[in-house]
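A.B. asks: So that you can map any letter, position 89 of the sequence shown is 89 in this note's numbering, and since no number is skipped, the others follow by simple counting.
Incorrect hints may appear among the rest.
The list that follows gives simulated cross-link-like pairs (lysine-lysine, DSSO-like), each with its CA atoms no further than 30 angstroms apart [claimed, not checked]: (1) Lys31 <-> Lys81; (2) Lys278 <-> Lys64; (3) Lys278 <-> Lys18; (4) Lys69 <-> Lys81.
Hints were generated in silico from the structure; no laboratory data involved.
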Amino acid sequence: MRLPSNITPRIRPVPANKSAILSALDVGTSKVVCLIARLDPLEGSDVLSGRTHRMRVLGIGHQKSRGLKGGTVIDLGEAEKAIRLAVDAAERMAGVQVASAIVNMSGGRIASQHFAGRVAINRRDVSDSDIQRVIEIASSHAQQNGRAILHALPVGYTLDGAPGIQEPKGMVGDQLEVDLHIAACDPLAAHNLMIAVERGHIQVEALVATPYASSLATLCDDETQLGATVIDIGGGTTTIAVYHQGHLVHVDAIAVGGNYITLDIARGLSMRLEDAEKLKCRHAHCIETEADLRDILTIRQVSDDERDQSHSVPLGQLTRIVRPRAEEIVDFVRERLAKAGFPIVAGQHVLLTGGTSQLGGLTELAHRVFGTQTRVARPVGIQGLPEAAKSPAFSSAVGLLVYPQVAGREFFEAGRSSALGMTGTGGYIARVSQWLRDSF
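Given these sequences and hints, build the entire structure.
C.D. replies: Here it is as structure tokens:
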């Protein structure tokens, strides 16, 4: 077996003048979410970047995740079961059968690299073929490192040494260069996720990096232009997306999330994991308050004979357990961004999303660490979501529905992409079979 050739299945953008019914599958460490939605043409949005369609949810299903750790599949059979249950619930609600879906990728050591390409123009007008050629050169460099390419996004062009050009077509010059942002992951992790989805009889239209999906669901246009960092803190992973001057310039993933806080509570208070999770969601804070000195919690602890017994503990004891792990997660993000050359600076927006972003006091903690304005971000620009699904925990799932509207920003290698299907077509068999043949 040889390593995958590193181009994952992908789709072309949904036509701006056509409606479509799409399915999104958010396969996470804590939960699996399936959304079925109808997309209808929109005249355009000055607020939500790149949106070309109005989205209305027809069906939703969510299930406790199984068989994943840190966003990576570790048990195909268990992962398949969770996927089947989530999809079945969405199908019954929508009255639509799901045969294909856009799927997120959280594990597999998601990371960014930037590659340059350069072509001679010889003092003539820059043409579409010149732009295609310079991107192909940059992409060819990326394909040599053995990683599975999830996204290939031109960030900007340089013409005769003048940087910051967004649309070089028609300009005159001698030499054209491109800065190509590649978001990639481990090919075997991508392959195993696709197998788990396919075993649930769902065809993969595209794999989308979770931080990219979450940012698409939560950011407004001003934030992408002014500079923003979206931090999606899930159960098993924390993912990061950085925007600069309207472009996604960096993604990253850290294999730590809210599940680690749950484990700390369970160990520190001798509780069952299920009870620790409920306690975290209802009462946990990572910043001390006056209530820590005043409030007493009644919890169920596991005794030596494995029987549950009620005990009273101060709220402050819970805070002292939760805070170190919350600080660790935020510090990890700060360190990874600084190491990558994208430190958060004053005036830059920081958005927290994902289920763990709702942890009490986390916004204040992040503000203290990053020193800039921080807010909790929920998915926006979508209709028909049940009230419980309007939370940050569903940002990545909603972002998967936004992705086909902005896929035109990406570089598509000739012969490696296909037209978007109506929740079940789109040449999946040929596309994925080709990817697997090339890969293995």
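A.B. asks: Hints numbered earlier in the text: which of these fail when held up against the supplied structure?
C.D. replies: 3
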